[in-house]
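Please model the entire structure based on the sequences and the hints provided.
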Amino acid sequence: MKKLNKNHIAALVSFFVLGFAGFAFAASTVSLGAADNFAVLAGSFITASTPSVISGDVGLSPAVGTFYTGLTTGMVTGTIYAVDATGPAGGAGNNPGLLTTAQNNLTTAYTTAAGQTPATSVLASSIDSFSGTGYTLTPGVYNSGSTMGITGTLTLDGGGDPNAVFVFQAGSSLTTASNSNIALINGAQACNVFWQVGSSATLGTGTQLSGNILAFSSITDNGGSTIQGRLLARNAGVTLNNTHVVKATCVNPPPAATVSSGSASYWVTLPLISVTKVPSPLSLPSGPGSVTYTYVVTNIGKVPLTTVWVQDDKCSPVQYVSGDINTNSFIDLTEAWTYRCTKTVSQTETNTATAHGYANSTDVYAAANATVVVGQSVVPPLIHVVKIPSVSVLPAGGGAVTYSYSVTNPGTAPLSDVSLIDNKCTGLPGRVVGHPGDLNKNNLLDPGETFQFTCQSNITQTTTNLATAEGTANGLTAIAFANATVVVAAPGLPNTGFPPKSESNPWNILITVGVFALVTGLAVVISRRLV
Amino acid sequence: MPSRIHIAGAAGAVFLVASLLFAISHSSVQNPHANITSSITVDSAPPVRLSIPAIHVDAAIEPIGLTPEGAMDTPKGPEGVAWYKLGPRPGEIGSAVIAGHVGWKDKTQAVFDTLPSLRPGDKLSIENDTGTIITFVVRELRMYDQNQDASDVFNSFDEKAHLNLIGCEGVWDAVAKKYSKRLVVFTDRE
Numbered sequence: 001m002k003k004l005n006k007n008h009i010a011a012l013v014s015f016f017v018l019g020f021a022g023f024a025f026a027a028s029t030v031s032l033g034a035a036d037n038f039a040v041l042a043g044s045f046i047t048a049s050t051p052s053v054i055s056g057d058v059g060l061s062p063a064v065g066t067f068y069t070g071l072t073t074g075m076v077t078g079t080i081y082a083v084d085a086t087g088p089a090g091g092a093g094n095n096p097g098l099l100t101t102a103q104n105n106l107t108t109a110y111t112t113a114a115g116q117t118p119a120t121s122v123l124a125s126s127i128d129s130f131s132g133t134g135y136t137l138t139p140g141v142y143n144s145g146s147t148m149g150i151t152g153t154l155t156l157d158g159g160g161d162p163n164a165v166f167v168f169q170a171g172s173s174l175t176t177a178s179n180s181n182i183a184l185i186n187g188a189q190a191c192n193v194f195w196q197v198g199s200s201a202t203l204g205t206g207t208q209l210s211g212n213i214l215a216f217s218s219i220t221d222n223g224g225s226t227i228q229g230r231l232l233a234r235n236a237g238v239t240l241n242n243t244h245v246v247k248a249t250c251v252n253p254p255p256a257a258t259v260s261s262g263s264a265s266y267w268v269t270l271p272l273i274s275v276t277k278v279p280s281p282l283s284l285p286s287g288p289g290s291v292t293y294t295y296v297v298t299n300i301g302k303v304p305l306t307t308v309w310v311q312d313d314k315c316s317p318v319q320y321v322s323g324d325i326n327t328n329s330f331i332d333l334t335e336a337w338t339y340r341c342t343k344t345v346s347q348t349e350t351n352t353a354t355a356h357g358y359a360n361s362t363d364v365y366a367a368a369n370a371t372v373v374v375g376q377s378v379v380p381p382l383i384h385v386v387k388i389p390s391v392s393v394l395p396a397g398g399g400a401v402t403y404s405y406s407v408t409n410p411g412t413a414p415l416s417d418v419s420l421i422d423n424k425c426t427g428l429p430g431r432v433v434g435h436p437g438d439l440n441k442n443n444l445l446d447p448g449e450t451f452q453f454t455c456q457s458n459i460t461q462t463t464t465n466l467a468t469a470e471g472t473a474n475g476l477t478a479i480a481f482a483n484a485t486v487v488v489a490a491p492g493l494p495n496t497g498f499p500p501k502s503e504s505n506p507w508n509i510l511i512t513v514g515v516f517a518l519v520t521g522l523a524v525v526i527s528r529r530l531v
Numbered sequence: 001m002p003s004r005i006h007i008a009g010a011a012g013a014v015f016l017v018a019s020l021l022f023a024i025s026h027s028s029v030q031n032p033h034a035n036i037t038s039s040i041t042v043d044s045a046p047p048v049r050l051s052i053p054a055i056h057v058d059a060a061i062e063p064i065g066l067t068p069e070g071a072m073d074t075p076k077g078p079e080g081v082a083w084y085k086l087g088p089r090p091g092e093i094g095s096a097v098i099a100g101h102v103g104w105k106d107k108t109q110a111v112f113d114t115l116p117s118l119r120p121g122d123k124l125s126i127e128n129d130t131g132t133i134i135t136f137v138v139r140e141l142r143m144y145d146q147n148q149d150a151s152d153v154f155n156s157f158d159e160k161a162h163l164n165l166i167g168c169e170g171v172w173d174a175v176a177k178k179y180s181k182r183l184v185v186f187t188d189r190e
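Just so you know, the protein sequences line up as chains A and B, in that order.
Counted from 1, the first sequence has number 220 at position 220 by our numbering; the numbering is strictly sequential.
Counted from 1, the second sequence has number 125 at position 125 by our numbering; the numbering is strictly sequential.
Calculated directly from the structure, the hints in this document are not laboratory data.
Heads up, some of the hints might be wrong.
[Unchecked claim] Capping the alpha-carbon separation at 27 Å, the derived lysine-lysine pairs in BS3-like fashion look like this:
no., chain 1, residue 1, chain 2, residue 2
1, B, Lys181, B, Lys107
2, B, Lys177, A, Lys501
3, B, Lys107, B, Lys178
4, B, Lys123, B, Lys160
5, B, Lys160, A, Lys424
6, B, Lys76, B, Lys181
7, B, Lys107, A, Lys501
8, B, Lys123, B, Lys76
9, B, Lys76, A, Lys501
10, B, Lys76, B, Lys177
11, B, Lys181, A, Lys501
12, B, Lys107, B, Lys76
13, B, Lys178, B, Lys76
14, B, Lys160, B, Lys107
15, A, Lys501, B, Lys178
16, A, Lys343, A, Lys314
17, B, Lys123, B, Lys181
18, A, Lys501, A, Lys302
Because the structure is a prediction, the values reported are computed rather than measured.
Written out as structure tokens, the structure reads:
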């Protein structure tokens, strides 16, 4: 739970229609079940009034296949399902069981999202629940008893948690104005954003919406909107209109470094590794095709790394190409090893490569995500972050660590809404504005530019912290993570001993001393008497 | 003269009380670093009570840091236990550490005299200052030399919450006022 920031307070003053309670409350992710594979799911009809591009499955139930209008298999890089054989030509048709399950799961998800409490209240208004620019919301549940509306940019700030969840509950309609935008920063991911809409959702032209819409009735795009998420309508229809829907999937941070148990490595340097991943091509406008991913692994630490491998969660085999110049099987500090993997990409997808290295009894990992767009000539964003701590081992009790970060754009599309955050170091900007590395001052992270940052933290115990960089291009968001572990050495074992019972009974000593004193006193008295 | 005997007896009694006071103050000198605190503070809600029903332990917890020599400090008295406040709180990811004395002091049996009777599977619980109870299960008991590297006691990398208890074992060295070994009970959050 975090207090609403200054922007909220300003907005509260500016827009009397708003009524935030002052806190955002934790929200839980909503399981979509069988509806998860669907980019578009509807109850009564699906209409593509102009050509659209859907990455993910499309389904209609309980209405029969004849209630598909305008949608063709060429617009969908996934499967089109219907409850009978009357769906669009070339679709897989005919899977009432799957569709019934998906709709049932959608109902459950809708009810779950609607029931999440406690919620921050958003007062109803016709369209301007989140109007104007500069709105930034922290993770939580936001509720309007009636309508919810968005104009301008609504920024969802994950606060450095890639699992941060945002649930919006609209009692009736959700409406976005033309060119409105849901921006994701600081680890917020579209897969973790849920719009539960009590009646229908209407997206104004050119809306860039992040999240999954779970509507009781219908969902309508007025034209040219990009949705990274899902359009899921329980009872009525979905109207597509030059709409680009990319089914959102979550990406995960790489594993933290692990130091072997019982090793004496605590007093030496911990290794560090980094990996970039660039697909070629970045997009396949004319449909499914072959994509080659190139991974470059570098050693950003101070010790050579062995046992190096790269795995990709959606491409195999990943094969070593070159880079081990002295053929010693270690990535030396000056080396960059290249790996490649080629596959046929059939729908827009984001995959994650994980690189591993080993040195000083420590396993280290790095990860890189890349999205390839299929079916549209949209260039997806790519972002990369490198994080290096000033020290890797501190003596018992800890001390200060300065982390250095470099954020770059390995792709071709300039990135907007660039953010950088660290979950255990405060002082980074979050949303980056006016960075000196923005050489052409366009407020975008262009290829070739580097945004550098530092952050200092005092740590007393072994700490792994996670940096998250995020940026957006063409309505799609790219995210990158970098872990770094700093070990604080163990103190000496405590001296937790008192003497054992036989040696420690103070009464023995005290009685002896007391008797001695009495005897002495008596002796003095007697001797004086004798004198 | 009975009065003189009386005075001499009183003098003896005063001496006796003085001896007692000296004994108490001297024994606290055994632990010269008890009041040293680190300048690094942890912003946390600390644990307040340790309960180990299997060995009838129910002890207050005091937060402690390091001695000037870089060892974990110890609890002030025989009855309480000490939590290493520069590490994780019990229940957080990582290895929290609690130490207690063994032996006798001030006619009192120290809190961790019965620590060696713990067996894997025994449960213990921590109450923190918000009233939350966190339960841990004993995984193993391991003996350390007093100067052995304790990295495995204070650090873990499995992204789980552990609580490790430290007491003394072995032979009492009356000159160094130390036992020769340390017994560490490793536990995992239930």
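### Query
So which hints don't hold here, by number, going up?
Numbers 14 and 18, in rising order.
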